[in-house]
Amino acid sequence: MSDRPIPRPGHRDESRVVRLLLIGVAMSFLVLFLFMPLVAVFAKAFEKGAAAYVAAIVEPTARAAIRLTLTVAAIVVPINVVFGVAAAWALAKFEFPGRGLLVTIIDAPFAVSPVVSGMVFVLLFGAHGVIGPWLIAHDIKIIFALPGIVIATLLVTSPFVARELLPLMESQGNDEEEAALTLGGSGWRTFFHISLPKIRWGLLYGVVLCNARAMGEFGAVSVVSGHVRGLTNTLPLHVEILYNEYNSQAAFAVASLLGCLAIVTLILKAIVESRVHGRSVNQYRHRERATARVGESEGQSPSEKTGAVEVRPWESTSAV
Amino acid sequence: MTAADRRVLPGFKPAISLTVGYVSLLILIPLATLVLKSASFSPAAFWAAVSSPRALAAYRLSVVTALAGGAINAVFGVVVAWVLVRYEFPGKRVVDALVDLPFALPTAVAGIALTSLYAENGWIGKHLAPLGIKVAYTPLGIVVALTFIGLPFVVRTVQPVLEDLEPEIEDAAAALGAGRVATLLRVVLPAVLPALATGFALAFARGLGEYGSVVFIAGNMPMVSEITPLLIMIKLEQFDYAGATAIALVFLIVSFSMLLAVNALARRAAARLRMR
Chain A
348 MSDRPIPRPG HRDESRVVRL LLIGVAMSFL VLFLFMPLVA VFAKAFEKGA AAYVAAIVEP
408 TARAAIRLTL TVAAIVVPIN VVFGVAAAWA LAKFEFPGRG LLVTIIDAPF AVSPVVSGMV
468 FVLLFGAHGV IGPWLIAHDI KIIFALPGIV IATLLVTSPF VARELLPLME SQGNDEEEAA
528 LTLGGSGWRT FFHISLPKIR WGLLYGVVLC NARAMGEFGA VSVVSGHVRG LTNTLPLHVE
588 ILYNEYNSQA AFAVASLLGC LAIVTLILKA IVESRVHGRS VNQYRHRERA TARVGESEGQ
648 SPSEKTGAVE VRPWESTSAV
Chain B
19 MTAADRRVLP GFKPAISLTV GYVSLLILIP LATLVLKSAS FSPAAFWAAV SSPRALAAYR
79 LSVVTALAGG AINAVFGVVV AWVLVRYEFP GKRVVDALVD LPFALPTAVA GIALTSLYAE
139 NGWIGKHLAP LGIKVAYTPL GIVVALTFIG LPFVVRTVQP VLEDLEPEIE DAAAALGAGR
199 VATLLRVVLP AVLPALATGF ALAFARGLGE YGSVVFIAGN MPMVSEITPL LIMIKLEQFD
259 YAGATAIALV FLIVSFSMLL AVNALARRAA ARLRMR
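Line by line, the protein sequences are chains A and B. Just so you know, we're using this note's numbering here: the first sequence kicks off at 348 and counts up by one. Just so you know, we're using this note's numbering here: the second sequence kicks off at 19 and counts up by one.
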C-alpha cells in the first residue's frame, strides 16, 4: 500500500461522472484548438505525396529562405544570450535604484505588437526615416536587407533569455559564488565555474524559446524585409507568399519544417523543465503525500517557479 | 556604508552597462522615435488619422476579439489546468507539453493551419457550414486565432497556483459542512482568481497585438474584419508613415497600460500569497 498513491478522501473529489466530463471538455478543447492545427500542417504538406513535398522544400527560393532563417537565428540567439545573462546577473545579484523600471523595459517587447516593433526601425532606418538619408548617402542598406531583419528579430526575442534566468538566479542565492571568491577565485573564473553551471538548464530553456521565436517571427520581419524572393524572405514569409499564390501544398510543406521546429522545441522544453524546475504533471499527488511547501517565488508564470518539491515521506500521514 | 560597499559579487558595472546600453539602443531609442515622430505632426492631422472611421472600427475589432479570445481561454484554460493538476489519465504528459504549442509554433504556420481547418471545406468548417456558421474570413475566425494564441497564458498561470493549493483548506471547508460545489466556488476559485486575472490580461495583451495568425483567417475587409496591426501594416505599405505612426502610438499606449496593469496584478497576487 505504501508505494501506491494514497486515495484522496471522498469529500475532496468530484464524482466519476463529473471527472470524466471535465476531462472530456478539456481534451475536446485542446484537440480542436491545438492538436488538429498541428496535424493539419503535416496532412496538407503530404497531400500530393512525398515527391511534391520534397520538391517544395528543395526548390531554390525555399532553400534560400531556410538559409536566411538559419543565418538570422545564428546571429540573434548568441547576442541575446549575452544580453540575457548580463541583464539577469545585474538584476538578480544587485539592488539598485530603477531596478523595477529596467525589468519593465526588458519586458516591453512582449507587450508591443510585432508590427509596431518592425515599424520603429522603418521610422529610424527607412528611406524617409531619421537617419535614412545618411544611410543612403553612405550606401548602407538596413531596411529591406539582412541587417533590418536581424535587428527586428533581436528586439522581438530580447526578453526570452533574461526573463528565464532572472527568477532562477534570484532563487539560487550567492553562497557558492561568495565561497569561491573568498577562496581566491577571480570574478570570471567564479562565473564560468560556479554561476554558469548553476543556470545551465535555465539558460538552455531560454535559448530554445528565443530560437523558436527567432526562426518563426512573422509580423516584425514582414515590415522590414521587403519580401524579395530568394534574398530577404525568411521561412515564415516564404510560407505566406506560397499560400497567397494558392500554392497551399507547397506552403504547408515549408510550414511543416517550422512545425518540426515547434515539436523539437516542445520536447526540449519538457526535458529541460523536468531537470531545472522539478515540475511534473504528477506534482499534486506528491504534494499531497508530502505536504511540503515550495519556496515561494515572486514570479507568476510557471516557468518562473524554480523550487523543487521537497518530499518528506515521514510526514505523509498528515495529509490524510 | 553605501550600497556599493555591500556588493560582494563582482561584475555589476559591466553587466549593468551592457544591459542599459543594449535596451537603450534596441528598445528605448526605437520606441522614442515613434513618440517623437508623432509629435512632429500637427494635432489636427494626428487626430484625423487616429479617429478615422476605419481606424475606430479596427480598434474596436481588435479589443472585442482579444477580449473574446481571453474570455474563452479564461473558461477553458481553468478547466484544462484543473484537469492537468488534479486528474490522472493516459497521455497526460503529452497533453501537458502540447499546451505550449502556441509559444513554439510560428504564428504564420498557425494562421494557415487554422484557416484550412475552419474554411468551408476544411475538417472543422465543413461541419459548421450546414449550421450556417462561417468562421474563416469573418471576425469569428479572428477569435479562433486569438484563442489559439492565448491558450498557454491562462493555463500556465493558473496551473502552479492549483498545484500549490493546500488540500487541507478544502478539507476544512468540507469539515465545516460545505458541499463540493460550494468549496470549489468559495474556496478554490478565490484562490485561483488573481492568477486567472493575470493569465487573462496576458492573453488579452498578446491578442491585441497579434498579427501573423490573424491575417490569414480574418478576411481583412476594411471596417469589418481588419485588425489594428493590419491597418498599421497597410498604411506602411502605402507609405502613409504619418497615419501608421499615429495609430501605432495609440496602440502602444494601450499595450503599455495593459503591461502595467498585469504587473500590478501580479504583485498583488504575490502579496496575497505571502500573507497566507
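Some clues are possibly wrong.
What the hints assert, rightly or not - Each computed EDC-like pair below joins lysine to aspartate or glutamate, with the alpha-carbon atoms no more than 16 Å apart:
1. B:31 - A:442
2. A:440 - A:361
3. A:616 - B:114
4. A:545 - A:522
To be verified - Covered stretches of chain A (in silico footprint by chain B; criterion: 3 or more residues with CB under 8 Å from a CB of chain B, positions within the stretch not fixed):
5. 401 to 411
6. 499 to 510
As the list claims (entries may be wrong) - Chain A is nowhere near these chain B residues, computed Cβ spacing over 12 Å in every case:
7. 91
8. 98
9. 117
10. 163
11. 274
Rather than coming from a laboratory, the hints here were simulated on the basis of the structure. Glycine included, every Cβ here is placed at the ideal spot set by N, Cα and C.
Structure-based check of all given hints:
Straight-line distance between C-alpha atoms of residue 31 (chain B) and residue 442 (chain A) comes to about 12 Å, which keeps the hinted pair within the 16 Å bound. A threshold of 16 Å between alpha carbons decides the hint, and for residue 440 (chain A) with residue 361 (chain A) the separation of about 45 Å lies outside it, so the pair is violated. For the proposed pair residue 616 (chain A) and residue 114 (chain B), the alpha carbon gap of about 11 Å is at most 16 Å, so the pair holds. A distance of roughly 12 Å separates the Cα atoms of residue 545 (chain A) and residue 522 (chain A); the hinted pair therefore holds under the 16 Å criterion.
Coverage of a stretch by a chain is defined here by at least three residues with a beta carbon nearer than 8 Å to that chain's beta carbons; for the region 401 to 411 of chain A and chain B the count is 0, and the condition is violated. Using a Cβ-Cβ cut-off of 8 Å, 3 residues of the region 499 to 510 of chain A lie near chain B, which meets the minimum of three, so the contact claim holds. With a closest Cβ-Cβ approach of about 9 Å to chain A, residue 91 (chain B) is found to fall inside the 12 Å limit, against its non-interface label. With a cut of 12 Å on Cβ distances, residue 98 (chain B) falls inside the contact zone with chain A, its closest approach being about 5 Å.
Not every Cβ of chain A is farther than 12 Å from the Cβ of residue 117 (chain B); the closest lies at roughly 7 Å, contradicting the non-interface assignment. Not every CB of chain A is more than 12 Å from the CB of residue 163 (chain B) (nearest about 10 Å), against its label as outside the interface. Under the 12 Å C-beta cut-off, the non-interface status given to residue 274 (chain B) relative to chain A is violated; the minimum distance is some 6 Å.
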